[in-house]
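Residue strings, one per chain:
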Amino acid sequence: MGFTIAEKILARAAGRPGVRAGDEIRAKPDFVVAYDFPGYTDVIFRQMQDEFGIERVKEPDRFVLFIDHMVPAVTPQEEDLHQNTRDWGAKNGVPVHERKGIGHQVASELGYAVPGAFVVHFDGHISQLGTFGTLAIGVRRHLLEAFVKDSILLKVPQTTRVEIVGTPPPGVMARDVFHHIVRVLGPSACRFQVLELGGETISRFGIDSRQTLTGLAMFTGAITAIINPDELTLAYARPRARKSIEPVASDADAVYAARHTIDVTDLEPIVVVPPSPANTRNLTDYLGTEVQVGYLGSCASGRIEDLRAAAQVLKGREVRPGFQLHVVPTSQDIMRQASEQGILTDLIAAGAFVTSPSCDYCFGRLGVMTAGQRAVSTGTLNVRGRMGSPDSEIYIVNAAAVAAAAIEGRIADPRRYLGG
Amino acid sequence: MALQNLRGRVAFIFTETDFDVDQIVGVKNIKLRDPAELAAASMKEYDAEFAKRVRRGDILVGAANFGYGHPHYPPMIAMRHLGIAGVVAESFSPGYWRGEVAMGFPQATCPGILGLVQRWDEIEVDWDAGLVRNLTRDAHLPIEPLSIADRQMLDAGGIVGYLHARDRFEETPHD
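In the order they appear, the protein sequences are chains A and B. Quick note on our numbering: the first sequence kicks off at 5 and runs consecutively. Quick note on our numbering: the second sequence kicks off at 6 and runs consecutively.
There may be inaccurate statements among the hints.
What the hints assert, rightly or not - Not the full set, but computed from the structure, chain A residues with beta-carbon under 7 Å of chain B:
hint: 1; residue: F196
hint: 2; residue: G203
hint: 3; residue: V277
hint: 4; residue: A282
hint: 5; residue: Q316
Derived by calculation from the structure, the hints in this document are not laboratory data. C-beta atoms are modelled at their ideal positions from N, C-alpha and C, and glycine is treated no differently.
Excised from the complex, chain B in its bound form:
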């Protein structure tokens, strides 16, 4: 298993700097556990028709310091349930980033992304080329490279797969 390029439409653009992702499901729903219930509760304040309009493989776009605050896991559990394949943002808050990468959920840092895309544009995140391409508008911007550990984590689909992979890579397990 390896990290696939993301290719899909921009399902929503969060233009708010320091965006608190908990708002996606709303604080009153943050303790829900069922992905379908979370998905049904999500995005109400942003686009009430979101669940109907989104397609598998679509991508979220965010502004600077996306995920600031005390991010919880349910919002992106909801987004993945609806088919969202990853997030591209101007920059990320480290707590959010670490949490979602450990879940195997691809995140790409792309300074300038808000100027590159409009909602529903078709975009592609090409990890090896290090680019986000706007296929609708024939434009592109570089993404910041993933660290080795983050790349391995996403290649393995999350922390558990990554740790199994570490076992395989380390011939003489000194640890």
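Here chain A stands alone, though its shape is the one from the complex:
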């Protein structure tokens, strides 16, 4: 029997000829990635030294740090955290990237999404490196192990294979496809497993769409998601790659925990209603719901494809007076491209409030809502209080639907504005 891509990557990382789901192995991450955040990096840096007497990491090239939360700092304590991160990076020879954008995206831009590589982070949204055939897992505080030891102990996960078929209709985006997967399979279908995505729809999707799908894997219960590399992703990833690794892909006779096929031919735009990412509904069931805030951004959806879709809806139209539309491109590079392509001009002309890349709108540090307010959002999550008051609400929709709601001040069907 053949192997899954996850098994192949972990076999190499464990230095073994082959591993199977369920095996307990010691695997050496090719890259250890983190953003600075209180309780994570500051604690790890301190524990390395105080608990384990480690002054410096041995292989600084395996590590990379991002400063993407609390950017820009609004308190001296936040800037202290960042300064501590910069100092640690300088002392260890570990690169610290700040003000480049959201780390999960910038990691790909900077060549850490190497096809065939094994990557760990504390944050599960690093799963989006799976777009490039990289196995990237968020391990929360287990990340300390990757800073203190070369290898981490883990159980080789099973894989669920999901084939996406059919062409989604206009106005339906990758974001809709992802939440439809959660609707069809349920929020725990892939618990502790790898979600392997494939099929004709994925093959036709661009990189942006694939990043949206893989980056949200955790809401299916999966520990990560991955797509077998193809010409498109190899052409992006290989010239940037910071390590020479032979790309791998699942064998045709790989052993899966489950296989599913999901047809998106008739899919409608969705809305994920508060307070859980498990609550996928058809957008049309919520048309007319009044909203005051729109957030277009995040590691999940703030890329060129998303910005372009929003600009298509908003071009020549206006954000409704009083509506707060926050547009936050996922990275500086994306923002530059959007600027060059005139997308930002269209968004700004329509009345969008466009700001530089930061994670801060997604988790309620900037642009916060007060009690009773509602947002349409492409952020990662819609749990209570995520974007401000516990008595505010978040409706997750695709980028075009955020733009449509910004025009009408209520949940609206983006297809009305995309008709040509």
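Position chain B against the provided structure of chain A, taking the given hints into account.
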């Protein structure tokens, strides 16, 4: 130090599938750091008298996919401060599981637990026998075995102890 069997009363049963643990302290309290303050703020929506009724060694019971969402650490910091010794659930969300096991907080996966226990029953989690026993009703169910790494983590009381133990076990530290 090794993982002890849990023995205590079922202090609360969260019957909601995909339960978001942040609700235990409430989102508005999620940034509190002091365990006593967190404990004082917790469980208000579930049982306002919880802090008075709970005893050291008591156990929480959960439904399927317990810990779904973006779990944070403060809710279980609060629960441990009140004496909760561990959680038994039908199944767990992996992010929650990893986070709490790294904190050295025992978690047991027991399919069928909701049908095995009622609130305030006395139960025991026997790790080596692989069972949850309901001592009040003389019934039991198997638990899913812990992975080697998770067992070592819980034996060592969390990630730091586990990494020290790894140093001791590995005679020739090739890492």
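Hints, one by one, checked against the model:
{"no.": "1", "hint": "F196", "result": "holds, 5 Å"}
{"no.": "2", "hint": "G203", "result": "violated, 25 Å"}
{"no.": "3", "hint": "V277", "result": "violated, 14 Å"}
{"no.": "4", "hint": "A282", "result": "holds, 5 Å"}
{"no.": "5", "hint": "Q316", "result": "violated, 31 Å"}
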